[in-house]
Every structure is written in structure tokens, then in C-alpha cells.
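Here's the letter readout for the chains.
There are 2 protein chains.
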Amino acid sequence: MVRRVVFAVVFCAILATFARADEGMWLLNKLPKEEWKQKYGFTPTDDWTNHVRMSCVRIGAGGSGSFVSPDGLIMTNHHVASDAIGDVSDEKHDYARDGFYARTRSDELKCPNMEMDVLMQIEDVTAKVNAGITTDIAPADAQAMRKKAKAEIEKNAKEKTGLQPEIVTLYHGARFNLYLYKRYTDVRLVFAPEQQIAFFGGDNDNFEYPRFNLDCAFLRAYENDKPAKIEHYLKWSASGPKDGDLIFVAGHPGRTQRLYTMDHLRFLRDVYAPMLLTAHNQREVGLINFMARSSEAYRIGKEDLYGVQNSRKAYCGIHSGLLDERLMMRKQTAEDKLRAFVNADPKRKAAYASAWTELSSALNDVRPYYAEYFLIENRRANLCRHFDIARKLVRAADEKRKPDGDRLEEYREANLATLELGLFSAAPIYDDLEQFKFEDGLIRLGRFLGGDHSFMKTALAGKDAHTRAVELIAGTKLKDIAFRKKLYEGGSAAIAESDDPMIRLAREVDAPGRKVRKQYEDRFESVERSAYARIAQATFDMSGESVYPDATFTLRLNDGTVKGFDDAGTHIPAITTFAGLYERAAEHANTPPFDLPKRWADGKSKIDLSKPFNFISTNDIIGGNSGSPMFNEKAEVTGLVFDGNLPGLVWDFIFDMEKGRAVGVHSAAIIEALTKLYDAAPLAREITGK
Amino acid sequence: MVRRVVFAVVFCAILATFARADEGMWLLNKLPKEEWKQKYGFTPTDDWTNHVRMSCVRIGAGGSGSFVSPDGLIMTNHHVASDAIGDVSDEKHDYARDGFYARTRSDELKCPNMEMDVLMQIEDVTAKVNAGITTDIAPADAQAMRKKAKAEIEKNAKEKTGLQPEIVTLYHGARFNLYLYKRYTDVRLVFAPEQQIAFFGGDNDNFEYPRFNLDCAFLRAYENDKPAKIEHYLKWSASGPKDGDLIFVAGHPGRTQRLYTMDHLRFLRDVYAPMLLTAHNQREVGLINFMARSSEAYRIGKEDLYGVQNSRKAYCGIHSGLLDERLMMRKQTAEDKLRAFVNADPKRKAAYASAWTELSSALNDVRPYYAEYFLIENRRANLCRHFDIARKLVRAADEKRKPDGDRLEEYREANLATLELGLFSAAPIYDDLEQFKFEDGLIRLGRFLGGDHSFMKTALAGKDAHTRAVELIAGTKLKDIAFRKKLYEGGSAAIAESDDPMIRLAREVDAPGRKVRKQYEDRFESVERSAYARIAQATFDMSGESVYPDATFTLRLNDGTVKGFDDAGTHIPAITTFAGLYERAAEHANTPPFDLPKRWADGKSKIDLSKPFNFISTNDIIGGNSGSPMFNEKAEVTGLVFDGNLPGLVWDFIFDMEKGRAVGVHSAAIIEALTKLYDAAPLAREITGK
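Protein sequence lines, in the order shown, are assigned to chains X and H. If you read the first sequence in this note's numbering, its first letter stands for residue 1, the second for the next number, and so on. If you read the second sequence in this note's numbering, its first letter stands for residue 1, the second for the next number, and so on.
One or more hints might be untrue.
Since copy identity is lost for identical chains, a pair holds within one copy or between any two.
Said to hold, decoys possible - Using 27 angstroms as the maximum straight-line C-alpha spacing, the simulated BS3-like pairs for lysine-lysine come out as follows:
id, residue 1, residue 2
1, Lys347, Lys604
2, Lys463, Lys331
3, Lys235, Lys634
4, Lys302, Lys313
5, Lys563, Lys337
6, Lys457, Lys659
7, Lys659, Lys486
8, Lys313, Lys457
9, Lys606, Lys477
10, Lys606, Lys92
11, Lys242, Lys160
12, Lys634, Lys606
Just so you know, these hints were derived from the structure itself, not from any lab. Keep in mind that this is a model prediction, so the values were computed, not measured.
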């Protein structure tokens, strides 16, 4: 044991020399300007920061992007746009397989279910959210008070500005910021390469490096049926980055847990990660089987498969990191230091020390019903699209009758437009796929909750899962958008009277679902918020407010350097080339997932093979950053984030830049491919402004 | 709820008309002769039964087969022989992919790790095993007494007969039979078709019907380096079966749980099945990833993948059945009837009623540590071959110093030859594959047991799972058979002194592993045995001894009929043809897993396409029956069991022949393929005796 501790200490000491190096998902209103000045001799002006902020877009439920022309052209990843690419495809047009390019504006295809947000304003509303809350109020009651205050703030902001409000909880509860977004809901597909080159190497190469993916897509924001006129967009770098260059990333990292306590990390390791991975593994195996049924099943299933594989691989990396005592020891050392600081002063001890023990108790308390909460309520029941729609309709009818502050968050006035966009989306629904998902999802619930759980009894209704999936999907009319609209507009009466079998099921499981959600929110989430608010305050007391908050799928800015890494004695250079792509395909005899699209195989001679393709940098990113622009001090695009490498997966809970890297498409690769292979010179000209 | 019960009752009533139809895995010394006489006008003579018994072989750890020539030729499935086919292949000869045919005896390839058993004698030793055990002795103590008695009986039998003894626990503890086997350890590969035709349709078509698999292989038993001279072997039917024919199956069904109590079935449903499926799903996803690395990785990984997929699909079917209230209601009705019979008489109640409650308590007791027992001890740790070998060496050193009756079962004198066959097998070990398995296995343990479990701490030794897997596999010398032999012969001293890292790990985790195994055996298994002995006795009191025991991977005989079934209004005929094979391949554009081997694609014109290929019957089989001969009243081979269909998966706990079927290769298909496609007329002549 002694040897192990010594080793860990030595390891920490080595890493300390890198510490804080390029770490930090900085809020745009709280940039580490002094630090950057010292490191790079560069200080962002307010104009620069505002220009970057308004050039960035947040895409739907999980990606990033940026404006790259004054006519609303948006650059993002193929894999961020892939749901949309699937939605505009059909049995005759498989744009995921074949790629897409709209030669004229009138060819651009409207994506049925897409929202884009641009961050216009930030306001600290911590005091308003916490108004009237004193230490003698129980966490659940305090949480209810905050919920009402937040609804009120959002409602007022929306009325006053017309912008889309969102109150962002920072530091897991220590700060509340009001973010106001300009929202675009008419988004059209302009260009997508073949999925095979966007995702060259497939699940195999995902999170690996060296890498050769043209993981880009271009969309366009429309307003009033015309391309949006954009004031702030990023210009294009003439050369793109080279090894050692400073590089910025602005995007929307989704979720990190770097401020979590040790007990909370152990909960992730022993409860959350195993549950998530078990669910993912089952779904992945099921989808592979489903897709093998026919080529059409392959087409309609592959988006789901890629999503599950990506998440599975990412969370495997996080879970492995959580099992790695060397990393956990570093976290323990940091926690010990903070707790010692708290305990050293009686006033601080009185104010903060209970946070750790209360959170620890809450984590023990939530364990027995966490699977139930996670699977049924935390948007993971994931039985099928019809069931999701049915549940939303059933709940919307109930919630819309309540005062705004009493509603479940997703049914608050400020969020109804998003709810309706999803509810009435024309995105295709495939019965075969949904039937598989319902059966597979029900079996998953059975595995976790047991066959005697009331949800199982209700959902199975005395039959086997396959029979139920078939009869429910065949019996429901929810595929019909007009039918959904009628139920939505009909409110509670229409829901109560409906004999649609999926609505009936959603009605029957609604009350138990709400119960477990309330239990979770009252007994766990409120304690969690309260505990982390105190822990964050203790951290501020110790280190000042220089610490950045965990990721919250809101805009962050980060600095880094284009840089290779050493892997088991081999140096992996930072930048790959087109030549490397052709070599890797040849190595694997051009067999899937290393097969080149025909255009690429045939067009090899047209390309300058020495041009850069992908590259890595030390930028601190995480899932949600996909599609983020990478740019230089002049705010010129030099690349496009599309992945992190395997050693970077642990960045979920600890940053470590020894081997961890962000992976991007080089800006020059995009232009080379558009002009030489896709005959898309007009698009390239719009991007480069030439 | 009322409607559901009525429905279930109606359903039971319908099924009652089929009840006992072809159900029954009959012991060869307890055949239902009277029933068969009435059903078929056929009564097996003792000579017939003995001939069948001695024509059958049990293969290694999980399959069945039969002698089909006087020169020791054995027929079984390709998938039963597939480990052996992999073991005799290498980088230059991929017999799984290409098939194999030994044109002369000297070309036959010795399989490095294969045992075949022929059942020579059966003796009821229940009284001897239970001698001296009275009702006042605690279950754990009674179990220890039985263990000693069994070791003694086996040892004496082996000394007296030279045969391989095995005490078989029937009815989960109500009866003990001594089985004596003639064992063959020199087994050679004679013929195997390409895996692609043996397993045509792959995981997709597995457990499906209609079906087109030439899932056969031929081996030969040798004695003293010469083909074994066999007195009892099955002759070949001239025509094979047609629709409606009576057909027998003799083979080794592995394990059923048809006599389980409802509480035990719920344990299977909510604890065992989820755990098994979670482990399988993780391994399947991991193997698919591993195999994608290179064509060599594909070759060395595919046996494991097929095994996992097969087991996953089978247990998914069982789990779905356990979640099906209609089936569970039938089980409940049967249990209620038996318990009412017990409770109706004070003497019976005193003797038997506690069995259900004691078992129920024991099932609750085992739950918290079942994962630990199952994963670490129940042969499922499955970290890698090296670790398995290391653990066996470490334990053998300890166990061999103890009196025979005190040893763990697998180290008893009667079982040492099998242990040594595995320990010193020359079957190839691939470091890459084993490294993947170690890492994947350790992560699996982490998912179930949590990162703070002592096994994880010891196995990880403060590092991450990948690093540990690399260093342990690189550091161990256990691939060297001579090294293993030296450690085995060196006993405890050699083990204690060894600095081999894998031996060290096995040593460090040995005591905690033994502890949880002892806890399981003392607190659960002994109660289970005692409870089922009483429940079986109650069943005998109610119905006589006409009930067959659950499967125990020992020889059973079963009767059935060649018969199609109705699926959602469509009649599925019993027999497929060669023509159907070519149609199915064409339907899928000859793409994997529906691609034909070149020999088959090119040879279509040589074949009589109207000949039968596969067929289904109502025979009551389960995993372990793979490779069982199917034969007529004259004991002539008419087919070869290789699968059951999806509706038959629930046969694990309940027999239902509405749609459930056994799936076999038609005897005529084997001869047609051997003569027309494989240029193997000599083998065909040996089989048919012409």
C-alpha cells in the first residue's frame, strides 16, 4: 500500500506542472484574461468576446456550431446534424449514405425538428432566485421556492425581451445565471458529405487518434422563409493551424462532474455508470440484430446505433477512469485539502462542513430507487417515440392547468415552444424500429426493476413484451400529427376520453412516474443543490472565484495548443493528412468501416494529398462541444471540433492533458474536399468569403 | 384483472389438451413404456434401450453425439465441435472458414482438449448418499456428509470398474444415481463443412425457423492410437423422416428448471437472468469491437462471439417467458395444486410444507452476495485462460493435500484426469484475445461489485484495467505447458514460491473466493437440496414417480413427431429443402450472414434441390442436446438435433408444444452434401454402411 501512495504522490507532482495549463471551460462573462495575457500575450477585448459569443450557436438537444457567413450559414459536425439528415431522407433518398449538396438555395432541405440558439445576454440572478430562502428552510421547500422564482424570472424576461430565457444553475447550485437566446427554428440542410467519410473508421476509430474524418455539415438558418441576415459570424483562416499554434474553442460542453465529491464520484462509478452501460449494451446488441433484418432496417436503425455506440464508448472510458486509483487519489487529495481548509476555521466549519455528510446521506437514500427514477423518469424510459409523445400529451394536459411556477420544468411557459416543436415534428416514425425499441425497452425495465414492478405489470398487461409491442404500435394513432394536435388542444378532457392504447398506457403509468420523480427531486436533488452551493462557496473562500463551473450545455470558451502526444514511447504527431486517410483505408483493404466512398476512391488524384486533414489540441472539451468552431486570436476559423481521444474521456471528472486531446477537422481539409471532390466551389466561396 | 385471469384459465385449458404430449426428458432406466405403447404401439426392449444408450456419447463440457460406424466415427454438430476446429486451426489453416475433410485416417487431426463419455451403467445410490442423515441435522452439515459419501462411492466405483464415475443429483436432491462412463480422450477431426453453411444466417437465424444449416461434423474416437472398435453404433436410415413420423432423440440436455418453485423462478427472472444477460451483452459488444481490429482478431474471436450470442439469445427467450404472466400463471396453478395436496394432510404438511418457506428464505439470503458468488466463483470470473489456469494450479496444490471427501468437487480423485486435460491442453492461447478478456472481465466485475470490492482492489493493484491486463498477460509464463506441469507437480511449495504475476494474483484472491463459495454452498445450496428433495417427494406422493427429473447434462431419451406449426395464421411446414437455402441466400443478395460458401454457390447444379435439408419436431430438448442423434423405432439415424426455435426457449422452465420445436439436420441432407459437394463418398459410405 505504501508503494502505491508514494507512486500516486509522485504522479500528482508530475501532473502539477501541467496543472491548470489549458484546463477550464470558461464562462464568457468571466474569462481568465490575466492568465491568458501571461501565457499568450493576448487579451480578448469585450468586442472580440461579444463577437465570438454571437457567432456561436447551440444546436438542438446536444451540439454546437457557428455562423460562418452573413447569410446564416452554419458549420457543425455531420454527427450533430445526422438526425436531421435522417429526417430529410426517405426510402428513395439516403443522404446519410450518399451525402447531400444544395446547389441553389431553393434546394436546401428544411429539417423538421431543429432549434438553434444564439446567446444574446447573461445576467446573474442568484440573489433573485434565492430571495427569501433562509438556512432554516428544508431543502425540498427551498427548492420549490427557487422553482417558482425561476419561472417568474423567465416569464418576465421573455415578455420583456422576446428572447428565449433559460436559468442556468452553475456550480451545481451556488450561482444562477439568466441566459437569453435568440432562437432559430427554421433550419435547412445545405451540405453533408457521405456518412462513410464523416465517420470513417466507425465505432473502431471513434475516440482514437490518428484520425481521418470529414465530420462536417453545413446548415442555414432562415427567418421568414429567407436566409437569416447575420451580423456576427466567424471569418475563415487562410491557412488553418500548425503544430504549436494557439487555438480557441467556443461551444457548449454538455456535462462534467469535476466538482463532484468523492462520494458522488463513487456513486457514478458503482451505480450510475453500471446502469447506463448495461442499458447501452443491451440496446446496442438489440439494434445490431434489428439492423441485420434488411437494408431498410439498417438505414432506419443506424442513427440510433451510432448514438448508443458513441455514448457507450465514452462512458466506458469514464468508468475505467473512475476505477483507476491514480486518478481517484488526485481527486481525494483535492477534496482533503478543501475539507481541511473548511475544518480549520469554526465559522467555515459551521457553514460548510455538513454539505459533504448531507450529500453522502442523500446518495445512500437515493440508491434503492435510483434505477426506477433513472429508467422511468429521467427521459430514459425510451420505450418508443409514440410513448414519448403520449406521455408528453398526458402530462401537458395536466401541467398546463397549473400556475407556471408549479409546473414540471419542461411544461413551463418558457419551454412550451420547444415541447410543441417535438410533439408536432414531421420527422418520420418507423413502426418496425419503434416496435423493436418498445419491446427492448420493456425488457430493460424488467431487468432492472423485476417482473413484479407495477410499471411492468401495467405495461405488459398480462402478455409478453413482443405481443404488447406489436399491439400497441399497431393500435395507436399517434403517428398522425393532426391526431396529436387535437389531443393537445383538447387538454385534459380529450386525454381522459381517449381510447388510444398508447395514451391509455401513458395515463396508467403517469402517477407512479410522477411520484418517483418528486421523491428524487425532493429528497435528492434539493439536498444536492444545497450541498454543492456550500461546497462551491467554500471553494470560492479558499481560491477566489477563479474556478470555472462544471459544464451545463451553455457557452464556454477555452484556450489550447495544437500538440501531439506520446503513447507508450511513440510520438503521435498533431496533424494528419489526406495521404494518411488513403493509407488507412488500404491497410484495411477498403473494408467497412474503413471503406472510402466512391467519390473519394475515384477522386484521389484530384486531391493534394499533403494537405492537413484532422488535428489534435489541448483544448478542454467534452460531449456537447461537437461542432464547436476552433479559431485563432483574430477569431478566424481554423478547425471544427468533432471528438476527444480515449485518454480525454476521463475529462468528465478530471482534466489531464498528458495524453488527453480534442480532435478537430482542419479548416483546410474542408475547403480542399468541397472544391476538389464535391464540386461545391460556391459553398467554399461563401465560407472563405472569396 | 378479472379478464386476465379468465383468459389465463382458458389458455391453460387449451394447453391441457397437449399436456404431457411429447414432454419428458426420460431417464434411460425409467422410460414411460406404457405411455409409448398406447401412443405409438411401440415398446422399446431392453436390448433396444441398451443399444441406444451405448451408441450415444457426451461431448466435453456441453454437447451430445453418437457413434455411427463400427470404427469409432462420431456424428455431432459443427457448433459442438467448433472449439476443437478452432484448436486445430492456425494462422495458415482456418478450418472454421474453409471446412475440413480427412481423406485418409492419417489426415485426421487430433483435438487437443476433448473428452467423450459413453454411459455404461446406472445405479441408484440415494440410500448410500443419505446414509446416517436424519432430519435433525442442519442442511450444511448434511451436505458435508453427502459430499464425503459421494467421494467415497465414486472412488470405490472407479477402483472397481476402471470406468469414470459421476454421481448425478436428480430432482434437485431427491435422488442420487451413480453413472459410470467409458471415456475417450483421443478424439480426432474427420470432417467439418465451412462454418458459413453450418451456421448459415448466423445470429439472425439462430433459434429461427425455417432454417438451412448443415450443422454437422464428424469426429473419430481413438484408442491406443487406432480407431476405436465400437460394438454399439446407430445405423443410417435409408430415407430419413417425413412429416408426421415418430422420432426419438437421445442426448444430454444440460439444465432445466421445470421443477423450480415460483419463488425460485422469480429469482431467475429478477436476479439471475438480468445478471447473465448484462454480462453477455457487455462481452458481446466487447468482442465485436475486438474482432474488428483485424482479420486475425476476427478469426480468433469468433468462437467466443458465437457462444455468447447463442447464450444471450437463448436467455433472452427464457427471460421474456419468465416475464409472461400467461406462462407464470400455469406454473403458479401447478404449484398451488401441489401445495394444497401437501397441506390437506397433517403428516404431509409436517414433512413437506416447510420446504417452500425455507427455500424462499434462502433465496432472499443469497441475493446480496449472489453477484459475488456468480461472478467470481461460479466459473464465470472468466477473466482469461491464464487466470483460469493459475487459479486451478493454486487450488489443486491446496486441495490435493486434503482427504478426497473434503475437497472441492472438481479436485476429487475421480475428477483429476479432467482437470489435468484442461490444465495441460495444447489448445492455442492468443495473448491479444486474453488481454481483451481480462480487461473486459475486470470491468464487468467492477460494474457488479463496485470499485471498492477487495477483488477489484487486488486485481487492479492501483492501476487501470487496461494497464493491468497488458502487464499481467505479458508477464505470466503460463502459456508454457511445461511451466504449468512443473508448478502442478511442485504442489504448495512451488505455488508459494512462484513470482509469476498471474499465479500471484490467483493466490491473493483465493481465500475470499473460497469464502463466498462456502457461504453459498452452506447457506443456499444445502437448503436448496434439502427443500427440493422434500418437494420432489411430495410430487411423487401425489403423482407417483412418473415425473421426469430436470435436465442434468446426462443421457435422456425423448419421443416426438415431425410436425410444422402455425405462426400468426401462417403454417410453417416441418421440412425445408436445398432449394429453400438458395432462395434465402438470394433474398439477402448473398451478403453476410446469408452468403454461401464458394463450394455451395458454384455447386448448385450438382445438387438435387428438392432434397430435404432441415426439419422440426415436437421433441423435448434443451441446450446440451446439440449433436443428439434423431432416430426411428429401428434405431436408425434420421436426423441430427442442432437447435430449438424461439418459442421453445421457454422449455427451460415450462414445456409447451403449441409452437415450440426441436430443429434438426435431415439425414438425407448430410449424405447429399457429402457426396455431391465435398467429394467425400468414402465418408458417406462409412456412415451409410454401403
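Comparing the hints with the structure gives:
1. Lys347 / Lys604: neither (70 angstroms within a copy, 88 angstroms between copies)
2. Lys463 / Lys331: Classified as between: cross-chain Cα gap 15 angstroms, same-chain 49 angstroms, threshold 27 angstroms.
3. Lys235 / Lys634: For lysine 235 and lysine 634, only the intra-copy Cα distance (9 angstroms) is at most 27 angstroms; the inter-copy one is 87 angstroms.
4. Lys302 / Lys313: Classified as both: same-chain Cα gap 16 angstroms, cross-chain 21 angstroms, threshold 27 angstroms.
5. Lys563 / Lys337: neither (32 angstroms within a copy, 74 angstroms between copies)
6. Lys457 / Lys659: between (49 angstroms within a copy, 25 angstroms between copies)
7. Lys659 / Lys486: neither (55 angstroms within a copy, 43 angstroms between copies)
8. Lys313 / Lys457: The answer is between: 23 angstroms across copies meets 27 angstroms, while 33 angstroms in one copy does not.
9. Lys606 / Lys477: neither (52 angstroms within a copy, 53 angstroms between copies)
10. Lys606 / Lys92: neither (30 angstroms within a copy, 40 angstroms between copies)
11. Lys242 / Lys160: neither (46 angstroms within a copy, 82 angstroms between copies)
12. Lys634 / Lys606: Classified as neither: same-chain Cα gap 31 angstroms, cross-chain 74 angstroms, threshold 27 angstroms.
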